[in-house]
Amino acid sequence: MIKKLNKSSAGKRGDSVRSDCYFEIELKNSGGIKIDLKSKVDTMYGESIKQMILDMCNYFSIKDAKIICEDAGALPFALAARFELAVNRLFPENKKEYLLPFNEKNLYSTKKDQLRRSRLYLPGNEPKFFVNAGLHSPDGIILDLEDSVAPSEKDAAQLLVRNSLRSVDFYGAERMVRINQLPKGLDDLKYIVPNNVNVILVPKCESAEQIHQLEKEVEKLKKQFKVENPIYFMPIIESALGVIKAFEIASASKNNCALAIGLEDYTADLGTQRTNEGKESIFARQMLVNAAKAAGIQAIDTVFSDVADMEALRQSVMEAKSLGFEGKGCIHPRQIKVVHEAFAPTNEEIEKAKKIVLAFEEAEKKGLGVVSLGTKMIDPPVVKRAIRTIDLAVMNNLLNKNWKAK
Amino acid sequence: MKLVKNAAGRFVPTEVNGETQIPFKGVDKHKPTGVKAKPPIRSCIDYPFDGNKVVKDLKTALKKAGLKDGMTISTHHHLRNGDAVTNMLFDAVKEMGIKNIRWFPSASFPVHSHLIKYLEDGTIHHIEGSMNGPLGKFTTEGKMKGVGVLRSHGGRYQSLQDGEVHVDIAVILAPTADPFGNATGDRGKSACGLIGFALGDSEYADKTIIVTDNLVPFPCVPWQIQGGNVDFVVEVESLGDPKKIVSGTTEVTKSPDRLLIAEYVADFIEAAGIMKDGFSLQAGAGGTNLAFVLFLKEKMKAKGVKARFMRGGSTKYLVEMLEEGLTDYILDGQTFDLEGVRSMRENANHVNTSPFTSYNFHGKGNFASIVDTAVLGATEVDVKFNANVVTHSDGYLLHGIGGWQNCLYSKCTILAIPSFRDRIPVIVDEVTTLCGPGELIDVIITERGIAINPKRKDLIKAVKGSGLPIKDIKQIKKEVDEICGGAPAKPKVNKDKVVAIVKWVDGTVLDSVFQVEK
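Residue numbers (numbering that gives the first Met the number 0), protein chains in the order written: chain A, 0 to 405; chain B, 0 to 517.
I should point out that these hints are in silico values taken from the structure, not numbers from a laboratory. Here a beta-carbon is modelled for each residue, glycine too, at the ideal position from N, C-alpha and C. Careful: at least some of the hints might be erroneous.
What the hints assert, rightly or not - Restricting the straight-line Cα-Cα distance to at most 27 Å, the calculated cross-link-like pairs of lysine-lysine (DSS-like) are: (1) K49/A with K116/B; (2) K127/A with K298/B; (3) K136/B with K37/A; (4) K225/A with K292/A; (5) K296/B with K473/B; (6) K473/B with K104/A; (7) K33/A with K517/B; (8) K336/A with K463/B; (9) K142/B with K65/A; (10) K116/B with K63/B; (11) K136/B with K491/B; (12) K336/A with K253/B; (13) K400/A with K463/B; (14) K302/B with K336/A; (15) K37/A with K491/B; (16) K37/A with K494/B; (17) K494/B with K127/A; (18) K470/B with K400/A; (19) K298/B with K400/A; (20) K49/A with K489/B; (21) K37/A with K489/B; (22) K296/B with K336/A; (23) K517/B with K37/A; (24) K477/B with K104/A; (25) K517/B with K336/A; (26) K142/B with K127/A; (27) K403/A with K463/B; (28) K491/B with K33/A; (29) K136/B with K49/A; (30) K336/A with K298/B; (31) K49/A with K491/B; (32) K463/B with K37/A; (33) K127/A with K473/B; (34) K33/A with K489/B; (35) K470/B with K104/A.
Unchecked claim - Chain A residues, not near chain B, derived (Cβ > 10 Å throughout): (36) D35; (37) D41; (38) Y44; (39) E46; (40) L74.
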């Protein structure tokens with residue numbers, strides 16, 4: 000390795016820090032590895048932390064160094080990410096990655112038409128939010144590398160997100176990462192594609208070309224790392240140009256699973272203010288829904304930013320649902336339940352769907368090509384929507400999954 | 000120090016601070032009999048006929064009370080972290096040159112770290128009460144002259160009654176009092192609600208001193224403490240800061256993970272059939288325990304269910320339930336916030352209680368076992384449902400027992416706790432210090448699932464099919480160990496040096512706290 004500096008640091012320190020740590024590595028010419036550990040969990044895990052540091056030093060061929068570790072109860076995946084970052088900052092040419100074992104609970108894949116009612120944003124450089132996020136049962140978890148990460152900490156977030164994709168159990172939530180705006184975001188891919196990311200969110204997307212670029216890079220990495228699970232894309236439209244190009248973007252790749260809208264940037268781009276009524280964005284939202292549906296993918300609404308007002312959130316979701324959106328962004332775990340309830344079908348919808356599904360099955364049994372309910376003919380898409388409604392009802396505990404058995 | 004293995008399998012001393020101790024024999028297996036302690040006979044002719052017991056200052060009162068080396072002085076924690084009286088008291092004791100006091104507080108708070116210098120210079124010999132924060136650190140490092148004794152609120156009353164602790168001088172802070180010594184906590188500029196923890200002391204101590212910053216002409220009504228038990232009254236500028244009776248543990252959590260736990264608690268209480276007309280509950284302090292009340296409230300409203308009584312630690316959340324007609328009564332053990340204080344003063348259905356009625360082992364029954372469900376916290380729980388509330392996993396004392404042990408007697412005791420805090424597992428193989436035997440703990444509710452004590456087959460059956468995440472406690476422990484990177488190492492302690500003992504509600508010794516080696 001080429002040595003550029005002899006001292007580097009990484010991570011967070013201070014009284015308000017929780018579940019994170021700070022490392023300082025100072026290279027020496029002799030004396031071996033000296034560890035100065037101050038840990039809130041010294042009694043319980045002090046020895047194991049020291050052993051981990053020695054392992055990492057050995058792995059990165061660091062033989063003589065003074066290492067300061069201030070630990071506020073960081074879990075192993077965070078400790079390892081912070082240490083590796085300090086190493087990378089010391090040796091910018093370092094290509095080696097210190098990878099913790101892949102938690103086998105994290106190997107699942109998802110479907111293109113997966114339920115995506117809620118997706119919870121987690122700032123990519125805040126490990127304390129990761130471990131319990133899945134317990135709140137969002138449909139998706141977004142590890143964010145973009146706007147929630149300070150420019151000087153992008154390298155930190157990349158390692159942390161990589162490690163958490165490997166180690167943290169998200170309890171079945173779809174594993175999403177929002178990369179940085181392209182082309183910078185292409186640098187993020189090597190941290191996530193080999194680590195079973197399910198969906199890549201592409202911010203500020205403005206052209207099909209960007210999706211093609213992304214797809215090419217993802218395919219290359221998938222081949223290189225022998226990744227077999229599908230990786231879907233969710234372009235986020237956040238500008239006037241993006242809105243105009245919405246269909247082109249939505250249909251740019253077979254791997255697109257949804258099109259999302261981000262209204263903060265969009266309204267700024269229009270030179271207007273975001274209001275609660277949302278008149279200023281009605282065109283953009285309708286355009287986006289239309290483009291997504293035309294391309295056969297899901298339309299996903301923006302986040303709702305007042306985390307204290309659950310009633311307004313519910314209203315906002317009802318409105319989004321009526322426009323044709325199938326999902327909403329969440330910035331706080333407490334929003335998830337409200338979003339799911341608001342997207343859930345009504346009793347009326349469920350009753351109607353039950354009749355349609357039963358009629359469809361009856362027709363199939365009889366070998367009829369046409370499904371009818373009373374005097375009305377029922378088209379295949381209506382059946383498909385009814386099945387979706389039933390699925391949603393079951394998932395929201397509104398209907399027993401054995402409802403046909405009575 | 001000779002240690003023996005008690006019925007819980009823990010090693011405990013048979014003698015502490017020169018007094019013989021009885022090792023824990025099992026839940027409800029020890030029953031002292033006979034007459035052990037009685038207050039000495041007093042006569043009214045020894046007291047001023049005009050009823051004026053006011054003396055110049057605290058030092059005068061202590062002198063008149065006959066303070067000597069080696070005596071026991073009791074204090075109470077009604078002002079929690081806002082208490083200025085205890086510090087003032089020991090400043091006076093120090094000035095008088097008195098040594099080797101046994102300090103018998105109902106609880107200690109960080110504000111009492113002021114007393115560390117008196118523990119160091121020998122003014123105070125040891126603490127029998129709780130050793131929180133800095134006092135806990137001091138004790139755990141083996142710096143206290145004597146051995147600490149930790150008791151529950153009920154255990155404190157029991158220790159007065161069966162002669163374990165004889166109080167020489169009780170110093171009772173009273174937000175309002177009259178010159179005769181009648182005193183109340185529900186009014187005055189330092190109002191803190193009730194001062195029920197001092198009741199036993201006022202009855203059993205040789206001498207009782209009331210300290211007040213709101214002296215009113217006779218009579219002080221209501222009188223939570225009766226002047227007939229009081230020797231001296233001292234007026235001071237200020238008792239402390241009543242705003243600080245609201246400590247960190249009495250605010251509703253904002254943490255989404257703790258709110259999830261609270262939601263599970265409310266769901267469980269409903270699913271298990273506990274939430275029905277006329278039911279009762281006890282909510283402890285701590286953000287999660289307060290939050291579940293809010294979730295339960297919505298369920299009660301939705302189903303039109305009303306409780307008969309709720310036990311506090313009262314807070315504004317319980318007060319709202321009372322005022323909205325969701326419970327007939329609050330039976331209050333201590334008041335955790337100023338809304339609770341107001342309600343107690345204004346609402347006859349907000350009733351003040353004492354450890355005697357609520358928790359006392361030597362009472363003819365007590366409230367704790369009548370309660371349908373108690374929702375409590377813990378610092379650690381092990382796979383046998385044993386729980387710890389006094390030490391941290393690093394072996395350091397950090398909390399008192401409070402009413403926690405007594406509340407374990409409720410019909411359904413629920414511990415609402417995170418499965419780990421940062422990287423500190425809460426669900427462990429074996430608790431660092433045993434404070435509550437697992438046989439009394441029915442349900443553990445964490446963010447990672449709900450574990451029901453296998454011996455509560457009725458509860459297991461009741462919540463079957465409810466959709467709640469019911470798990471084996473060992474499964475939760477396994478998940479926690481995976482997240483935290485293996486089981487936590489145990490603290491290195493000096494097994495020859497007991498720094499404190501934990502008493503069970505009946506006065507026997509349940510466990511020992513050992514000196515932590517640095």
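Are K296/B and K473/B close enough, with their CA atoms no more than 27 Å apart? Judged against 27 Å, a Cα distance of about 32 Å means the pair is violated.
Would the pair K142/B and K65/A pass a check requiring their Cα atoms to be no farther apart than 27 Å? 34 Å, violated
Check the hint pairing K49/A with K116/B against an upper bound of 27 Å on the C-alpha distance. Violated. K49/A to K116/B sits at ~36 Å, over the 27 Å cutoff.
Has the given pair, K136/B with K491/B, been kept, meaning a C-alpha gap of at most 27 Å? 15 Å, holds
Under the criterion that the straight-line Cα-Cα distance not exceed 27 Å, is the pair K517/B, K37/A satisfied? 13 Å, holds
Run the distance test for K49/A versus K491/B: straight-line Cα separation, threshold 27 Å. 17 Å, holds
For the pair we were handed, K470/B and K400/A, check the Cα-Cα distance against 27 Å. Judged against 27 Å, a Cα distance of about 23 Å means the pair holds.
Mind verifying the non-interface call on E46/A? Its CB should be farther than 10 Å from each CB in chain B. 6 Å, violated
Is K225/A within 27 Å of K292/A, Cα to Cα? 32 Å, violated
Hint check: K37/A vs K489/B, CA-CA at most 27 Å. Holds or violated? Within the cut-off at roughly 18 Å; holds.
Holds or violated: is the Cβ of Y44/A farther than 10 Å from all Cβ atoms of chain B? 6 Å, violated
Would you check the hint for K136/B and K37/A, treating anything up to 27 Å between C-alpha atoms as holding? Within the cut-off at roughly 18 Å; holds.
Violation of the numbered hints given earlier is confined to hints 1, 2, 4, 5, 9, 17, 25, 26, 32, 37, 38, 39, 40; the remaining hints are satisfied by the structure.
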